[in-house]
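**Student:** Given next are the chains, with one letter for each unit.
Number of protein chains: 2
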Amino acid sequence: MLPIESVPFHYNIIAQEGRARAGIFHTPHGDLLTPVFAPVGTQATVKAVTPAQLQEIHASLVLANTYHLYLRPGDELVAEMGGLHQFMHWDSPILTDSGGFQVFSLANSRKIDEDGVTFKSHIDGSTHRVTPEKSIAIQENLGADIIMAFDECAPPYDRAYNERAVARTHAWLERCMEAKKRPDQALFGIVQGGIFNDLRERSASFVSSLNLPGNAIGGLSVGETKEEMHQALDVVDAILPANKPRYLMGVGTVEDIIQGVSRGVDIFDCVLPTRLARHHAAMTRSGRLNLMNAIYKQDKSPIDECCGCYTCQNFSRAYLRHLINSREMLSATLLSIHNLYTLVTLAKEIRQAIIDGNLSSIIERFEKTK
Amino acid sequence: MLPIESVPFHYNIIAQEGRARAGIFHTPHGDLLTPVFAPVGTQATVKAVTPAQLQEIHASLVLANTYHLYLRPGDELVAEMGGLHQFMHWDSPILTDSGGFQVFSLANSRKIDEDGVTFKSHIDGSTHRVTPEKSIAIQENLGADIIMAFDECAPPYDRAYNERAVARTHAWLERCMEAKKRPDQALFGIVQGGIFNDLRERSASFVSSLNLPGNAIGGLSVGETKEEMHQALDVVDAILPANKPRYLMGVGTVEDIIQGVSRGVDIFDCVLPTRLARHHAAMTRSGRLNLMNAIYKQDKSPIDECCGCYTCQNFSRAYLRHLINSREMLSATLLSIHNLYTLVTLAKEIRQAIIDGNLSSIIERFEKTK
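Note that the protein sequences, when read in sequence, are chains U and W.
Under this note's numbering, the final residue of the first sequence carries the number 1384; numbering is consecutive throughout.
Under this note's numbering, the final residue of the second sequence carries the number 1384; numbering is consecutive throughout.
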């Protein structure tokens, strides 16, 4: 194994508490302080929020979806426009997924073989083919700091499928490494294996052996129980190299972040904060508020008295309810700002708590409010 | 006539060029520098834009619609929430219309008599009645700095209707003045009269005689030609007191602002910048761009190279087109910011030009780009 200094994307752990870690991942677009929650900007925009507003909530990492951007506006156009950072005006780190998860989600309009996947576009029904090599080529055009290997995410309880998916994911990971050309992008491998401990072990061991700059845990929060997710994390945590960041893909509620960090996870992302915002729901540390509810009609208080976000500092629940009732776009913006702030700030506070040796108190406080 | 100092809302003209004026209108929420363009926040929000973004484009005055807010969330609720400024978090001046224009626009679902108007809500079909007294009571609950008299806006070419509408508008104005109780709101009278010079004269003379803190010109940009609008402005300008601000209601394209200022108008408002933004169009000083157009697909330039707004400083036409094609809300936000900035800044530059004795050069430049 190479000494850490010679790895282009190195990760420094600056504090630990139990299995939780506070670290710094160095990227071409700045240092990423972990644990970190990444807002999702599927189509090169975090829905309803400007980059300036994302900066105000101190978001650092933003995720974009390869599948969507490949189809529209096309990765070649993004490359021509100077890459994703310039195109969407986000100068901090960006992570792109491999497109795999979205393609496999197409269910009836895709066909998988050992070489790759053929699928029909959800936009116009046109036929496309993505292989590990193609996924890397697209992601190189997009130009994110962190790119993901093309993997196969199987239904969590299907043993036979998960065996095949793990084997395929491993073979495809090696092809992704082979195909990758840009030195300014960190390729993360992905651990699969569903709810099966031996498959998770096998996958984590294989992925770890490739000495990538970071590793991801996929195929969780897709239908399994919380206990099963935690067990999978426990198995993987014991195997993945400690000196590389771990990214738990597509996971990001308050509870999942706290539980994930406690099990050695450093990076989270989830569409939930912005999706809930468009459906009138505010996330808080202790639960959710549906702001369409009539009980908020004359409620002068903010969503959360303790929240420091722009929305909570300036607007009442009654005003937000009025915007929702009046079908005003501003409700999605203000709720997205609040929900994203809640998770971004939670990750930041957890980081500081780990540095202060104080994480257990955050966990206890959370358990009490449940 | 009272000396200007003893009028609660006084207006100081600090420079004039021809009939154009640069002034300061003192309100409880700060000094309004005129000429000024007011973004429209119909339902207590300028659509798709936060108050912080409005501040960034240096908007000073915001308009809200009495009809909409009376129906939803209700003016009493707004009063309970501390008034419109606090409710929508806008601490600069606000102007509310009287609800008259919206009610008369309901066409088939309203009935006018000498006392007021009975109409059916566009939201739930419920029946409501607004009189001059009721309009003032609603506007006092909303709490804007500038409130408008309840008037009747007739179709511009209907002579008989305009005669009746002018008489009714005058009678209702006196009732509004009688009904008004709050000393921290400036009531503006409204000049009507369609395209008929003698009616405009009669109306301007009557409204002027009441010595209100400001005066408005209604019933324009509702179907008449530009020449007819300019003639009406010329007639009215010669009669309205010079030491009171003049507000040209519902008017605000680049051309209309330039032409209006040249004819003695100080205040403008229009829904066009935000409405066009939601329909993918960008306003510039020389015309409009439809950003859905395929010619912008790979266009790296901003909407307007000379524009200093957040959108033009940071985003390409190609990115805006991508957002529009992908049905992303951010397109409405970024285009609204640009369009509002264009008009707010135009009014500001015109103001500075009047102070510098330089307005004619702005007019010439505009004529050349047409």
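Be aware that one or more of the hints could be misleading.
As the list claims (entries may be wrong) - Think about it this way: if two alpha-carbon atoms lie no more than 27 Å apart in a straight line, the pair counts; the simulated DSS-like pairs of lysine-lysine are:
| # | chain 1 | residue 1 | chain 2 | residue 2 |
| --- | --- | --- | --- | --- |
| 1 | W | K1311 | W | K1362 |
| 2 | W | K1311 | U | K1311 |
| 3 | U | K1240 | U | K1382 |
| 4 | W | K1148 | U | K1311 |
| 5 | U | K1362 | U | K1240 |
| 6 | W | K1194 | W | K1125 |
| 7 | W | K1061 | W | K1134 |
| 8 | W | K1134 | U | K1311 |
| 9 | W | K1362 | W | K1240 |
| 10 | W | K1148 | W | K1195 |
| 11 | U | K1125 | U | K1148 |
| 12 | W | K1240 | W | K1311 |
| 13 | W | K1134 | W | K1148 |
| 14 | U | K1314 | W | K1061 |
| 15 | W | K1311 | U | K1134 |
| 16 | W | K1362 | W | K1061 |
| 17 | U | K1148 | W | K1194 |
| 18 | U | K1240 | U | K1311 |
It should be emphasised that the hints constitute simulated quantities derived from the structure, not laboratory data.
**Student:** Taking the hints in turn, state whether each one holds.
**Tutor:** Against the structure, the hints come out as follows:
no.: 1; hint: W/K1311 x W/K1362; verdict: 33 Å, violated
no.: 2; hint: W/K1311 x U/K1311; verdict: 44 Å, violated
no.: 3; hint: U/K1240 x U/K1382; verdict: 18 Å, holds
no.: 4; hint: W/K1148 x U/K1311; verdict: 23 Å, holds
no.: 5; hint: U/K1362 x U/K1240; verdict: 23 Å, holds
no.: 6; hint: W/K1194 x W/K1125; verdict: 24 Å, holds
no.: 7; hint: W/K1061 x W/K1134; verdict: 24 Å, holds
no.: 8; hint: W/K1134 x U/K1311; verdict: 23 Å, holds
no.: 9; hint: W/K1362 x W/K1240; verdict: 23 Å, holds
no.: 10; hint: W/K1148 x W/K1195; verdict: 12 Å, holds
no.: 11; hint: U/K1125 x U/K1148; verdict: 16 Å, holds
no.: 12; hint: W/K1240 x W/K1311; verdict: 35 Å, violated
no.: 13; hint: W/K1134 x W/K1148; verdict: 16 Å, holds
no.: 14; hint: U/K1314 x W/K1061; verdict: 22 Å, holds
no.: 15; hint: W/K1311 x U/K1134; verdict: 23 Å, holds
no.: 16; hint: W/K1362 x W/K1061; verdict: 22 Å, holds
no.: 17; hint: U/K1148 x W/K1194; verdict: 71 Å, violated
no.: 18; hint: U/K1240 x U/K1311; verdict: 35 Å, violated
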